[in-house]
Amino acid sequence: MTAFQYQVLAGPEGYLPPAAAMMGVELPDKGEALIEGQVVSDEEALHKIAEKLLGAENPFFFPGPLLLWAWRDGVEEKARAIKDLAETAGAKIIPMPDYRPKYPMINPDVEINPNHPNLTIWHNNIDACVFVGVHCHYANMALKIIRGGTDCYTIALCAEAGHEDAMISLRDAGLEKIKRLTTIVGDKKRQLAGREAICSR
Amino acid sequence: MYVSVRLAEEKCNGCRMCVFTCPDPNVFNFYKDKKKISVNASRCKGCGLCVVACPKEALSVSAG
Amino acid sequence: MVVEQKAVSVDELLFASPRKQVFITGSEAVAEAVKRANVEMAIAYPITPQSESMHLVGDLFAKGYLRDYYRGENEFAVMAAVHGASLGGGRVFTATSGPGTLRAMEMFPVWAGSRQPIVCAFMCRGVSLPPSIQPENIEMGMLLDTGMIMLHAENAQDFFDMILKGYAVAEQPEVHLPLGVFVDGFFVTHTRDLVMLPPEDLKLAPYDPTCSPVPAFDMETPPIRIVRDPLLNKSNFISYAANASWHQEVLAAAERARKHLNRYLGGLLEVEYPDASLFIIASGTAVSQGREALKALRAEGFEVGLIKIKSIRPFPTAELIAATEKAELLVVPEFNAGGWLAREIKAAIDNNSRVCASPRVFGGMTMPVELIVSEVKKAMLAKGLLKSV
Amino acid sequence: MSEKKINIRMSGLGGQGVVTAAHILGAAATRDGLISTVNPFFGAEKRLAPAESYVRISDRPIYERGEILNPNIIMIFHPHVITMGKCYTMPFFDGLQQAGILLVNAEQSLSLGGKDLVKLAALQARIYYLPATQVALESGGTELATNMAMLGGLLGITELVSREALRESLAERFGGGKFVASGTTAALDDVLKSKFAQFDQLLEKNMEVVESGRRSVWEFRIPGAVSA
Amino acid sequence: MKPGLFKISPGFEEVMPAEYRELVEHGPYGAGMGVADLGAFKELLEEHPLCAGCGLALSLRLFLASLPAPQDTVIVGSTGCSSLAFPQVALQNIHSLFGNQNALASGLKRALSLRFPDKVKDVVVIAGDGATADIGLDMVMHSWFRQENITTVMLDNEAYANTGGQESGMSPQGTVLYMAPKGKKFPKIPLPEIAREAGCAYVGACSPAQGKRLERMLRRAILVAREIGPTYVQIFAPCPTNYKFKPNETLTRLKLLEKEGVFQPKEYITREAQDLLNKLEGGGKP
Amino acid sequence: MQQVVSPEHLLFEARREQMFITGSEAVREAIKRANVDMAISYPITPQSESMHLVGDIYKEGYLREYFRGENEFAVMSAIAGAAMGGVRVFTATGGPGTLRAFEMFSTWAGARLPIVCAFMTRGVNSPLSIQPDTIEMAFMLDTGMIILHAENSQDLHDMLLKAYCVAEKTDVHIPVGVFADGFFVTHTREKVEVPPADLKLPPYNPYSAPVPAMDMENVPFRQMRDPFVMKSNYISYAAHASWQQEILAAAERSRKYLAKYLGGLVDVEYADAEVLVVASGTAVSVSREAIKLCAREGLRAGLVKVKSLRPFPAEEIKLVTRGAKAVIVPEFNRVGWLCREIKAVVEDNTKVVGGPRVFGGMTMPAGLIISEIRRCFA
Amino acid sequence: MSTRIITPVAEFADLLPQDYRELVANGPFFARRGLKDLGTFKEIIEEHPHCAGCGVALGVRLVAASLPAPADTIIIGTPGCSFFGLAQTAVNYSNTAFGNQNAVASGLKRMLSLRYPDRHKDVVVLVGDGGIADIGLDMTLHSWFRREKIVTIMVDNEVYGNTGGQESGMTKEGQVLNMAPGGKKFPKIPVFEIAKVSGCAYAAKVTVASPRMIEKAVNRAVLVARQVGPTYLQIYTPCPTNLKFSPDQTVRVAAEAEKGYYAVEEFITDEAARCLQQLTTES
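So the sequences go chain by chain: A, B, C, D, E, F and G. In terms of this note's numbering, the first sequence is residues 1 to 201. In terms of this note's numbering, the second sequence is residues 1 to 64. In terms of this note's numbering, the third sequence is residues 1 to 389. In terms of this note's numbering, the fourth sequence is residues 1 to 228. In terms of this note's numbering, the fifth sequence is residues 1 to 286. In terms of this note's numbering, the sixth sequence is residues 1 to 378. In terms of this note's numbering, the seventh sequence is residues 1 to 283.
Hints should not be assumed to be uniformly reliable.
Stated by the list, open to error - Going by beta-carbon spacing under 10 Å, a handful of chain D positions derived as facing chain F:
#, residue
1, Gly26
2, Ala27
3, Tyr54
What the hints assert, rightly or not - With a cut-off of at most 20 Å between alpha-carbon atoms, the simulated PhoX-like pairs for lysine-lysine come out as follows:
#, chain 1, residue 1, chain 2, residue 2
4, G, Lys196, E, Lys185
5, E, Lys266, E, Lys255
6, F, Lys59, G, Lys185
7, E, Lys266, G, Lys196
8, C, Lys259, A, Lys30
9, B, Lys35, G, Lys36
10, G, Lys36, B, Lys34
11, D, Lys5, F, Lys191
12, E, Lys182, C, Lys63
13, B, Lys32, G, Lys36
14, A, Lys189, A, Lys30
15, G, Lys196, E, Lys188
16, F, Lys191, D, Lys4
17, F, Lys59, D, Lys4
18, G, Lys36, B, Lys36
19, F, Lys292, D, Lys5
20, E, Lys185, C, Lys63
Claimed, not checked - So the derived label-pair ranges between C-beta atoms look like this:
#, chain 1, residue 1, chain 2, residue 2, range
21, A, Glu76, G, Arg212, 38 to 46 Å
22, E, Glu272, F, Glu60, 30 to 38 Å
23, G, Arg147, F, Ala249, 33 to 41 Å
24, G, Lys172, E, Glu227, 33 to 41 Å
25, G, Asp14, A, Glu43, 30 to 38 Å
26, C, Lys378, F, Glu13, 32 to 40 Å
27, E, Pro265, G, Pro187, 26 to 34 Å
28, E, Glu227, G, Ala263, 27 to 35 Å
29, F, Glu60, D, Gly114, 52 to 60 Å
30, B, Ser38, A, Glu196, 47 to 55 Å
31, E, Glu281, G, Pro187, 26 to 34 Å
32, F, Arg322, C, Ala322, 24 to 32 Å
33, F, Ala249, G, Pro187, 45 to 53 Å
34, A, Gln5, C, Ala322, 15 to 23 Å
Hints were generated in silico from the structure; no laboratory data involved. Virtual Cβ for every residue (Gly too), placed ideally from N, Cα, C.
All chains should be built: construct the whole structure from the sequences, respecting the hints.
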């Protein structure tokens, strides 16, 4: 093990930061997740996601093509679950319908592009975001660029092995895990609301 | 300040020669009911191919 | 005729099932691997010493193990066609050698950049000029920075295993990179050797294109509006940064392969006699020659160890630093004139004056065990570790 | 003695002459005995796609290369650079140095976002407008002289190079036959030259456009900004 | 070459190997020898390692005997069986890479034209079917498009023979060879016709079964290439080793294939080339 | 009308004129004075412009032959043919073109052809990029060619002329690649000093080459360029290996000529500084800027400009870095091939800092190097 | 493709950007649209950075609008001007290295035939003259020799447009361009004639001045390629920028060429003719 543990924190990380994988951050095994470059249990990560989403001023979900188009069985269900999650977390949604470098410009109000995701982040002052349904290659690119040039806190709900350049990364994020996350977010929100209610009393 | 195509709608007979000669997509839209085209000037590069193609002299390229 | 095959996991195929010993050439070992790899399509172009393996793959096609196979018009075209087939979302195989590798050079970074899990066997030989069909692995020195994963097989057994393991590593969604399995031509391809094979009625589970980090090209996977792989359209800082980030992702993918390589290969390198103060470090056939030298030297009472480097990309830098920490002398025998492995090792470890970048033979020459033995002794002498030879 | 170095970033659309303008400005600076390097950056795009070029002018040797990330002066040749995001950087004034200058080709002031103006004010930036295309059409008879008007506008703000040097550079660029333009630029050169019967006429017209540009530039006061 | 260049320096006559002395005394340089004189002069090709009964080797012999000006001919080859014989050829010859022969010849021909503007230097490419029709096809055709003054000769043995007998683009449809385990899926590449369309002033197709015809076609091709533009000769010589017939059947087989119409000799000549040939061959000389 | 003068006169004695030109134009100015017989071109950005300009001087009569080939592999083959025919040649390419023609470069070296080729480096696919990146140089290191890396247009101009002088030496006679970073050099306009246009290098003499020209005018006639060593046995393998060693030896012999014409394989400034920046190409210029700015903060860093990558100045670098506390290697590519080279020759290579690295067309702000320098001093 | 892949998930449908909503509502994927409907449907080509009056852009647009089954079409391209119109296309589009398009298409077509044996997946190569006739000539011809079932379309602008206007093999003889400073020395490469003898089952030579002919030829080329073998289309798409004519004259220049060396021509083998006949009868 390396003595120096690289931390994947919100940026801006600089001109051309290295990919976290190049700095020794490894993707975890099944049942585990990453928080800021550290391997943790799935459950811990789910709670941390809930905390970050609820603590954010302007959280956004960025669903990608795999989730936007009803191309195979199971997508619609998962999409409903994500929508539910976003609503529960009080997050807005901006889609990433494709990956092309768009000409002549994107409209950062309504879309996000993996080649310059920072534009959408800057434009909308997004301080926390969730990637879901994006092919891993493009998600990794986007997460790295976001970390390089913005201070946005990134969360990846990956159906495959996860993403080191997200501050929190889940792997094998299927329907069950998403629903569990929604439950946690909902519970936490109620707790917070309760606490606020107590405070304001 | 920039050039783009302008339509004199009254001259348009809906032949769509402009539609077939424009190298750029969706600059011209065709309305079947009106039998007329419309122009999306923001997408036009002002080459003038449609002006040459138009049999009714309904199109011109000019600065806006 | 074709054997009915059951699709199983790589673990079951390679680690759990009983193996049977056969006496075959390296080329035959390739065919045995491809037979069990559930490959859909292969494309071939003749070049010595690779041809034989692709003939045998052709035979597999004729028998029904593969679903398509043809001879392309040249290596560049073959590597492009394999790329197209891979874009289409299926598992592919091809092989080439020496000048063929160089002719197709432009395609390798393309494979890596577009994240295609193509497995290609490279039967290394000399490159022009002068032409030579004989073993030599200079081409590996030229491929180091293509972004491909590079494994160097010592013998036919390695060759067989590394091709199958290659698919298992290359197709991991977080890796999804091309993988080259390199062997030294003739020394492996044409040498008959004992190889342990798992049953032929088992094959790898099929490739699943829907797990790919990039969409398959079939108009069945969203997004439909996609260009592979784009010239980032705007010429501006943002596009350059996106391009750079794309490249970093390719490097990162190779890093992620380490974990899987460790698991399937049992480490990126292997050490014999880890306590030795003097190591022979090699890859490919030079390892086998090194093993013989090791025997001879240890018989004379020299405490020599051996480090076999299996993965050239990613390179086992940390493992090498650890393994050589206490070593006083490192002898690196190679089958090429450029000495790329010695350069890699020198760049990877500190106090690199410990590295003796020899012996080097090339042009098809064999590396006699005696040559390594005498180089080791010469190096010891120079270091003052030995009084006289 | 400290180094006097000016970094100028010119952003426009392909065909507007940002490359040519940079070349003429850099060549003029060289004639004035200063050191200059000029480089364009363009992709494989075509006309009316974003194009940018960079001029560095100094009294000392210049070593750095490539894009100018921290310009003192930004020249915007086309409002689309701002309004349609056709620029190299986001926002279009990204990297502008303290007390930098913006020169924009537009007929009237653009409605820059409130946040942009706040940032520019904090930088103590100065914003200038110039209807360069209009000036080019009126004084030069062709919009292809927009770049000359922009150079004029620049000289109207700051005397970076002498009028004589500029004139000589122009003469060399369009008359000498020594200069070889690439691709599309060469095609546009031909159009430009075809508009004028004689070289002298072309030169004089260009200088007229420069003068006219110099006169037509005006400063936009950023509301609430502290004067630099 | 300069007249008189090819002689042994005084004092060394005795020590030179016999084959060189023979070349000097009875070689074909500037001697106007042809196929009819074979056996009566020292051939340009020495002992070589090609298989017994190899039609390609016979073609190469005939080819070398047919050169109108061997003393000023540089040949360019490519990887394949023919290249095994090349080191034994008493002409300056180049083997560069597999398939790049016509590009290399283009550069060479132009360089020699620069250096020897008043002399004819024949640059002749002679390569196998794989090198010409598969891996090198673009460079072959572009030398034709560019109207390079070179002659391209294909030794068509219908297979990649040197690498062990793989199907090539020139193999007949249906043939089972390595890399076509279910039989070749498409017909022989119609290169003579493509050559005709691609700008060759003269195209010939022949076989070593008729040496005189081969000589006529090759000479025509070289003469036309000097004056007009690119020319192409395709020499049909299937490989006994890989097509698995007896070495002594090579020629009978060729004759039979021709009789059956499987192999058809061809000549496509542009009008301009025909005019030139009429002028050159006016004397009735073949 | 040009007068033939000695290389020494042309390069070092003749009075130079100042021009404000791009790197592409600097190529034209060099070729104009290089007495080149023949050039062959194929379009690829950012190289095209230089070969257009070479086409123009062909039309003006400075060259005797010029054409566009069908692809880079064909062009490099045709150039080899011309060189074997005994004339002086020139061509250029970049990025993907380099890789497309890749097989030819070791062939040039193996055939002992003194070809001079300019490489305007750019990114290679995928993804597609036409922007500056030096990764192609990593692939080229073991081709047997001499590899020079130009810092700017002046270097590009001078190195091309000097390349002919080195490449054509009988004891060298191998190809020389002059590499320049695309756009950063090719498209940047700056002051370049050139010798008078009415002077040119002496012509190439094919009969002083270590291998015969292929013209049927010199001996031997029975000469194949370049054969499979025929017999499959120890003797022919040894012959093949010896041939390769001769190519390596030729590159070694070029050291003294490179030293003479380039003034050394490396340039060193402030050799005694605690922190050294080692770089090649455009990265040298950026390093100069960084060192200049650091000096204002009182941080004195030195500079090692590597001009020749092959042969590699291993001893020079080993010596000059021996006393340094840290060695910084900034690069315009993702893999850090120069850093690898440096690490392999610096004995205690833990002091080598690989980076900053930028690529994909990105500019390297001097600030990136400055922060590394600061970190090393800290 | 199934209709599902372009069907947005209900939850996110209203979040899609405008161009996608148009594609879904009014695209050519499942409603058969032809050239005659241009202007009334959302095209699969998007806004692009080609020069004003670009013939290549016009050619690419007309081809895209003519595709008989865009929902199951994959376009393979190569670097060059043609790329720019296609980078935004609403079908799968790939370009890898210059000139290798027909090799990539060969592998892709075969793999798709393996993976979707009961469906037509049209693989269309859409590339400029440099990519097809110069650097990629061998791969073009060999895909024809091998009888690959792919469509090869050349948009012939007679120049390397993207690298700044160099002479190409398809440039007319005598034309002065970069890298041909003394004028091009040899005639246009007769790719069309070569296609006829190289195994193409259908070939056509058209220009952007005849859009309806382009549509007919694209349809025939795609249909024949599905069932019979390789097909080739050569479309004259003149380049105003490098051949230096006014951009409003592109179609006129093409029309003029039709009267001479670019006369419209169709080549069809008997087998392909029978195939088309049968398809007409069936429909």
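A quick look at each hint next to the structure:
no.	hint	verdict
1	Gly26	6 Å, holds
2	Ala27	5 Å, holds
3	Tyr54	9 Å, holds
4	G:Lys196 x E:Lys185	19 Å, holds
5	E:Lys266 x E:Lys255	15 Å, holds
6	F:Lys59 x G:Lys185	13 Å, holds
7	E:Lys266 x G:Lys196	19 Å, holds
8	C:Lys259 x A:Lys30	13 Å, holds
9	B:Lys35 x G:Lys36	14 Å, holds
10	G:Lys36 x B:Lys34	17 Å, holds
11	D:Lys5 x F:Lys191	17 Å, holds
12	E:Lys182 x C:Lys63	9 Å, holds
13	B:Lys32 x G:Lys36	12 Å, holds
14	A:Lys189 x A:Lys30	28 Å, violated
15	G:Lys196 x E:Lys188	15 Å, holds
16	F:Lys191 x D:Lys4	18 Å, holds
17	F:Lys59 x D:Lys4	43 Å, violated
18	G:Lys36 x B:Lys36	15 Å, holds
19	F:Lys292 x D:Lys5	14 Å, holds
20	E:Lys185 x C:Lys63	17 Å, holds
21	A:Glu76 x G:Arg212: 38 to 46 Å	42 Å, holds
22	E:Glu272 x F:Glu60: 30 to 38 Å	32 Å, holds
23	G:Arg147 x F:Ala249: 33 to 41 Å	51 Å, violated
24	G:Lys172 x E:Glu227: 33 to 41 Å	25 Å, violated
25	G:Asp14 x A:Glu43: 30 to 38 Å	34 Å, holds
26	C:Lys378 x F:Glu13: 32 to 40 Å	49 Å, violated
27	E:Pro265 x G:Pro187: 26 to 34 Å	28 Å, holds
28	E:Glu227 x G:Ala263: 27 to 35 Å	32 Å, holds
29	F:Glu60 x D:Gly114: 52 to 60 Å	58 Å, holds
30	B:Ser38 x A:Glu196: 47 to 55 Å	54 Å, holds
31	E:Glu281 x G:Pro187: 26 to 34 Å	28 Å, holds
32	F:Arg322 x C:Ala322: 24 to 32 Å	27 Å, holds
33	F:Ala249 x G:Pro187: 45 to 53 Å	48 Å, holds
34	A:Gln5 x C:Ala322: 15 to 23 Å	18 Å, holds
Checked against the numbered hints given earlier, the structure breaks hints 14, 17, 23, 24, 26 and satisfies all the rest.
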